[in-house]
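K.L.:
Residues per chain are reported as follows:
Protein chains: 2
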Amino acid sequence: MNSAYIIPDPWHIIEDGFAAERVMSSESLFSLGNGAMGQRANFEEHYSGPTFQGSYVAGVYYPDKTKVGWWKNGYPEYFAKVINAPNWIGIDLAVNDQTVDLATAKVLSFRRDLHMKTGVYNRSCNMVLADGLELKISATRLLMLDPDQLGAIRYEVTPINRAAQIQIRPYIDAGIKNQDSNWDDPFWETLGIQANGSRAFIRSKTLKTGFEVCTYMQAQLWLDNQEQSLQEADQSSAHKIGFSHNCTVGQGQILRLEKLGGYTVGLYQPADELMPKAQELMDWASALGFEGLLQHQENAWAKIWERADIGIEGDVSAQQAIRFNIFQLNQTYLGKDPRLNIGPKGFTGEKYGGSTYWDTEAYCLPFYMATKNQAVARNLLTYRYRHLDRAIENAAKLGFHSGAALYPMVTMNGEECHNEWEITFEEIHRNGAIAFAIYNYERYTGDQTYMPEMGLEVLIGIARFWAQRATYAKSKEQYVILGVTGPNEYENNVNNNFYTNYSARWCLTYAKEMVQRTAVQTPREHKRIVEKTQLSAEEIQKWSAVAQGMYLPYDQDLGLYLQQDGFLDKELIPVRALDPAQRPINQNWSWDRILRSVYIKQADVLQGFYFFEDQFTQEELAKHFAYYEPFTVHESSLSSCVHSIQAARLGLMDQAYDFYLRTARLDLDDYNKEVHEGCHITSMAGTWMSIVEGFGGMRVVGDQLQFNPKIPSQWTRYRFKINFRGSVLSVVVQQSGTRVTLEEGPDCTIMVDQELVPVSA
Amino acid sequence: MNSAYIIPDPWHIIEDGFAAERVMSSESLFSLGNGAMGQRANFEEHYSGPTFQGSYVAGVYYPDKTKVGWWKNGYPEYFAKVINAPNWIGIDLAVNDQTVDLATAKVLSFRRDLHMKTGVYNRSCNMVLADGLELKISATRLLMLDPDQLGAIRYEVTPINRAAQIQIRPYIDAGIKNQDSNWDDPFWETLGIQANGSRAFIRSKTLKTGFEVCTYMQAQLWLDNQEQSLQEADQSSAHKIGFSHNCTVGQGQILRLEKLGGYTVGLYQPADELMPKAQELMDWASALGFEGLLQHQENAWAKIWERADIGIEGDVSAQQAIRFNIFQLNQTYLGKDPRLNIGPKGFTGEKYGGSTYWDTEAYCLPFYMATKNQAVARNLLTYRYRHLDRAIENAAKLGFHSGAALYPMVTMNGEECHNEWEITFEEIHRNGAIAFAIYNYERYTGDQTYMPEMGLEVLIGIARFWAQRATYAKSKEQYVILGVTGPNEYENNVNNNFYTNYSARWCLTYAKEMVQRTAVQTPREHKRIVEKTQLSAEEIQKWSAVAQGMYLPYDQDLGLYLQQDGFLDKELIPVRALDPAQRPINQNWSWDRILRSVYIKQADVLQGFYFFEDQFTQEELAKHFAYYEPFTVHESSLSSCVHSIQAARLGLMDQAYDFYLRTARLDLDDYNKEVHEGCHITSMAGTWMSIVEGFGGMRVVGDQLQFNPKIPSQWTRYRFKINFRGSVLSVVVQQSGTRVTLEEGPDCTIMVDQELVPVSA
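Listed in order, the protein sequences are those of chains W and Z. Its first residue numbered 51, the first sequence is counted upward by one per residue in my numbering. Its first residue numbered 51, the second sequence is counted upward by one per residue in my numbering.
None of these hints come from the bench; they were simulated from the model. Watch out, some of these pointers could steer you wrong.
It does not matter which identical chain is used: a pair holds within one copy or between any two.
[Said to hold, decoys possible] DSS-like cross-link-like pairs, simulated, lysine-lysine; straight-line CA separation at most 25 Å:
1. 562 - 167
2. 227 - 115
3. 673 - 401
4. 524 - 673
5. 723 - 122
6. 723 - 447
All chains should be built: construct the whole structure from the sequences, respecting the hints.
P.N.:
Below is the structure:
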């Protein structure tokens with residue numbers, strides 16, 4: 051099923067032993083990020099084997115010209131790509147005139163260790179070179195959480211069996227490309243390249259978007275603690291600069307290079323301050339020293355873990371997995387900047403382009419609401435508010451009008467950049483998740499200020515879209531939504547997807563309620579918004595009419611909501627009856643065969659039951675879970691978490707646990723055989739939900755936080771802290787019951803196992 | 051609506067006056083072809099304005115690597131492209147050191163004249179150059195029907211207002227590209243380039259496919275009938291060779307260049323005979339002289355017109371149009387070679403790639419059956435038989451098995467080369483048209499020998515496909531066909547398209563009947579086929595079961611077959627209620643909006659009524675025509691002809707005539723604003739059907755040819771000849787009645803206006 055080579059450990063991600071075919075997967079799994087930049091775990095020195103070079107700067111993108119086979123009206127001209135940034139980690143290493151290269155050396159030992167508690171990554175290896183020299187390399191790397199434009203590497207080289215002539219050359223290189231460039235265009239131009247003592251700088255600018263970035267480094271070298279002087283900088287190409295040193299290193303001596311580096315970025319400094327800022331960062335880091343940086347980093351991560359950690363006792367594999375998920379989420383997004391979002395690959399790969407999908411609202415928001423202060427979640431909502439005008443433009447391109455908003459399927463700056471008609475134009479349920487996130491934020495944080503400031507405008511745009519997109523079918527005397535793709539992307543262009551229709555109906559009603567509420571609670575803001583949006587009473591009446599008349603596909607005989615019209619005409623053969631060799635079907639079946647089959651890629655009807663859980667009975671959930679789960683192939687990373695939660699809520703603990711493992715260890719155990727392309731960041735938030743909302747049974751009802759825990763038999767207990775309406779609650783869940791303690795913040799009321807428990811510090 | 055600049059004339063296509071914005075359209079409309087090669091009406095001399103250079107050699111293609119935005123399982127790796135062939139028509143012309151270029155000269159007069167009767171194209175123009183010199187150019191061009199590897203140009207230049215220094219340089223050039231190359235790859239390599247007296251040769255080979263072509267020319271020059279000697283050949287690049295001449299031409303003197311040229315092709319000669327063959331062709335043509343070539347060409351076209359002409363009296367515009375359609379069809383395909391087929395753009399452009407669509411069987415076959423001897427139509431059927439193995443492979447890629455065959459949507463060599471899942475994988479009704487063509491061929495020609503030799507194997511492959519592709523829906527207790535695109539491509543991935551289900555049912559029944567018939571009529575062939583295909587009685591039983599249990603969407607209240615499941619849920623707003631500014635919708639609406647709308651691109655249910663006309667009553671046809679026509683936008687070139695026929699059959703003569711004009715003058719009047727990309731060749735056969743089957747009411751019933759004519763009031767009469775079962779019938783249709791005369795061949799029985807008329811010579 052998978053390639054589970056990561057050694058279980060509560061706090062460490064460990065690989066032991068070298069295998070060339072694992073290099074690209076490990077580059078993803080051991081990647082580092084700090085919310086502002088990140089990089090795959092590429093080797094510092096040259097590697098001639100299969101590798102996927104990747105360094106990324108948050109918010110810096112390139113609008114690559116769209117590539118299609120057949121153009122359809124409405125396709126966006128450009129696809130904003132997460133772009134590979136200049137490389138600051140590179141170190142050329144030659145020993146006795148041989149380029150050191152793990153692909154050609156005989157590797158004696160090899161170990162990677164990513165310490166999630168401190169955010170520090172170490173790689174150590176012993177190898178024999180062609181001339182018989184045994185060499186040891188140890189590389190320790192970190193990207194500072196604060197200041198987040200800085201990283202550091204300690205790189206140590208030791209000849210083991212005899213002295214050796216070693217040439218070492220730390221460099222920075224702006225001559226990089228994207229593997230996923232559509233037209234092989236360069237994405238960067240180099241503006242300037244210069245050196246200053248042991249420091250070097252390359253100023254680059256992205257083409258078209260004009261983001262300016264200064265890539266910098268400082269190099270210091272010691273031989274057994276004796277500082278060595280590097281040669282003057284040499285510029286080996288128009289895009290690359292480095293410092294060389296050539297010396298004899300005795301047997302057992304350590305040649306140690308400490309390299310500071312990173313990016314100063316035009317998003318945060320004016321262009322002419324990028325170099326001075328880089329100097330300042332290097333001054334600060336030099337004063338602290340490498341050990342000081344390690345300590346500083348550990349302290350910064352400790353603050354994150356203090357709020358976000360989930361301890362699991364009794365199952366080290368589950369423990370490692372949940373921490374890996376939490377760690378990666380924090381590496382990707384820390385919520386400091388409302389211009390940023392949570393890319394599906396974070397800083398671990400290029401695939402998918404764009405940074406923002408409905409994943410953010412549907413899966414990630416609860417994690418950030420629970421583990422950070424509410425400003426972080428609010429920044430995620432603000433991000434969409436800032437893109438409202440673009441969402442209105444996007445809808446207009448598809449023929450909608452009068453302020454109707456369709457948020458993009460994939461975006462970097464608010465513009466749509468995906469181009470498959472069945473997804474781009476038809477997977478419109480994303481609008482529902484964006485409205486739901488506003489509701490979810492309010493019920494969780496209790497903060498009602500976002501609504502009049504920004505949220506209501508978003509809701510109006512979304513409601514307008516649904517009111518126009520639904521059409522009246524005389525045949526049914528109801529409103530229908532034709533030609534959509536639901537969350538299950540293994541159906542395209544279907545009519546009346548239950549999830550889509552249901553969430554459209556909910557959006558229309560919720561928008562109307564919020565218009566009415568703001569009229570009462572914040573009349574001045576209400577007036578401003580009504581004027582700005584030219585909202586009329588007739589329009590709201592239309593919303594009500596569409597909501598009330600919304601058709602939902604339902605089969606009376608089965609007593610089931612149907613995924614879409616015509617679902618029951620399919621061959622209803624459960625997944626377990628499929629030949630395992632045919633799976634995953636997305637790698638073995640042609641697209642048309644997948645489409646006409648009954649198989650469900652990810653929770654669809656059940657996603658609706660998850661969002662709107664209080665609108666369905668436990669019996670309805672049980673019935674729909676029993677019906678749809680057997681047809682679900684879970685070939686999306688976002689499927690297992692919802693099924694884990696639903697199974698837990700139904701007390702199906704074995705299933706819930708299986709689904710949990712699948713979501714939690716999706717990347718660590720590479721279930722989908724694609725971790726070499728990067729990690730599935732957004733589904734990691736689903737893992738968190740599986741524990742907290744699934745096993746913990748946590749939900750918000752009114753102003754209460756409720757727990758109805760059912761933990762897997764493999765675990766003794768687990769514990770986590772959670773933010774709720776300004777309080778920090780410590781939660782311990784175990785077989786015998788759940789204990790919640792108020793750690794800080796105002797008193798609040800929680801419910802555990804149906805019993806009200808007032809909590810105070 | 052259109053840009054109708056072509057001057058009406060019964061036999062000529064005429065453009066008068068120069069307009070740069072019309073150049074590309076006229077390049078399409080005045081294109082020449084002879085079934086083996088063809089070319090757009092590009093100017094011989096340099097032209098710096100917008101132009102689309104195109105010369106094509108039948109059967110020579112290149113498998114361009116597929117380009118897609120998002121790869122779907124099952125997509126073909128390659129897309130076989132009609133490729134731009136080396137240019138043999140080019141003539142560089144400079145006058146007083148000024149390059150002659152219509153884009154920069156002041157044009158005084160300009161006229162194109164394509165004489166359809168003789169297949170000769172002339173262009174003449176007067177212009178004033180920058181230095182004030184007035185110049186006249188006259189160019190006459192033809193592609194010989196026989197021998198079909200040869201073409202000729204007479205190019206005359208005259209200084210009008212004073213003597214001029216003229217440099218003329220006829221050349222051939224193999225350094226050409228396709229505009230629609232996916233990856234800017236070159237498609238040709240040049241193998242050799244050489245000259246020999248006044249003749250020059252370039253041997254080229256297509257990359258990957260290895261088709262060898264020798265492009266050749268011969269140039270002769272006269273000044274007022276005094277032959278001039280050209281300089282020795284000069285090779286101006288690695289791919290181009292020409293002969294120069296520089297001389298003073300007195301006022302009113304004519305500098306005349308006669309250029310022979312064309313291609314000898316490895317499809318017809320071994321590689322080492324390509325140059326000798328070219329020499330032979332030039333020897334033959336030189337002996338005949340240019341005037342002799344013109345006469346030879348006129349005689350060859352006369353033979354075609356003898357059988358294919360349709361005369362229309364009373365409407366010169368209709369007359370010109372039908373001749374243009376017949377002329378272009380004959381330029382494209384003459385049925386000599388079963389490896390060739392009827393490309394949708396013929397030799398008039400690159401668009402679409404591939405050469406074969408279902409258009410051939412659904413629209414073109416009747417024209418060729420009626421106007422050529424039956425071997426031509428049989429070659430078209432043989433073409434598909436030769437591709438049967440590839441069709442079986444194509445189906446296997448989509449998960450079908452046991453000899454099920456799915457013919458490709460677009461092909462050059464039998465392999466699928468289209469890559470839009472909703473069409474490539476789902477527009478499977480094409481299989482039905484291929485089976486129907488076999489049935490149609492038999493009923494028309496009476497030739498039952500194709501069936502046991504080849505046809506039955508094709509029918510078995512197709513029946514197997516349908517039996518596997520239909521699935522049993524418990525919900526309906528019938529067989530359904532899910533996830534298809536019907537002829538109306540403005541619906542994608544629908545369930546139970548009426549046309550598809552109906553024709554699948556028909557194929558299954560027809561295949562069974564033909565298995566049974568061959569068992570009786572040709573038992574030896576039957577045995578061979580049963581053994582080869584491993585056909586079992588159980589399998590045939592399954593075909594019957596699927597056919598008998600086939601679900602057809604039908605609305606009881608309306609008494610209508612529905613285009614597909616759910617059709618009535620749409621907003622049923624007729625086309626006439628649309629804002630004209632929104633049309634054509636395919637240029638104004640996003641794809642999703644088109645899909646969920648009710649609007650029909652081309653006849654779909656009505657296409658079924660057309661094919662299977664004897665299975666529906668006149669009342670049913672009337673009802674379905676009245677229902678579906680108002681929703682049809684006719685944005686396919688293949689729509690109007692079917693509607694014209696159906697309207698004529700219903701006696702709706704004004705509608706029938708409007709539809710006729712739309713199909714007949716589609717390109718001449720550029721209804722779809724795209725004639726610059728090339729002409730719509732296959733729909734031209736639909737124009738022919740509109741007259742013969744629509745206004746003429748011709749149909750085959752049993753062994754009779756029936757006529758039930760209703761001619762448009764604008765016409766006095768029309769007359770055409772038609773092949774039927776080895777006879778040639780002369781048909782005159784006029785308001786007062788129809789007269790059919792046997793011109794040659796055996797006696798046969800026809801019916802006119804319900805009255806049996808035995809016909810004899």
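K.L.:
Work down the list of hints and note, for each, if the structure agrees.
P.N.:
Do the hints match the structure? See the list:
| no. | hint | result |
| --- | --- | --- |
| 1 | 562 - 167 | neither (46 Å within a copy, 72 Å between copies) |
| 2 | 227 - 115 | both (15 Å within a copy, 22 Å between copies) |
| 3 | 673 - 401 | neither (37 Å within a copy, 53 Å between copies) |
| 4 | 524 - 673 | between (31 Å within a copy, 20 Å between copies) |
| 5 | 723 - 122 | between (32 Å within a copy, 17 Å between copies) |
| 6 | 723 - 447 | between (37 Å within a copy, 22 Å between copies) |
The structure fails to meet hints 1, 3 from the earlier list, while all remaining hints are met.
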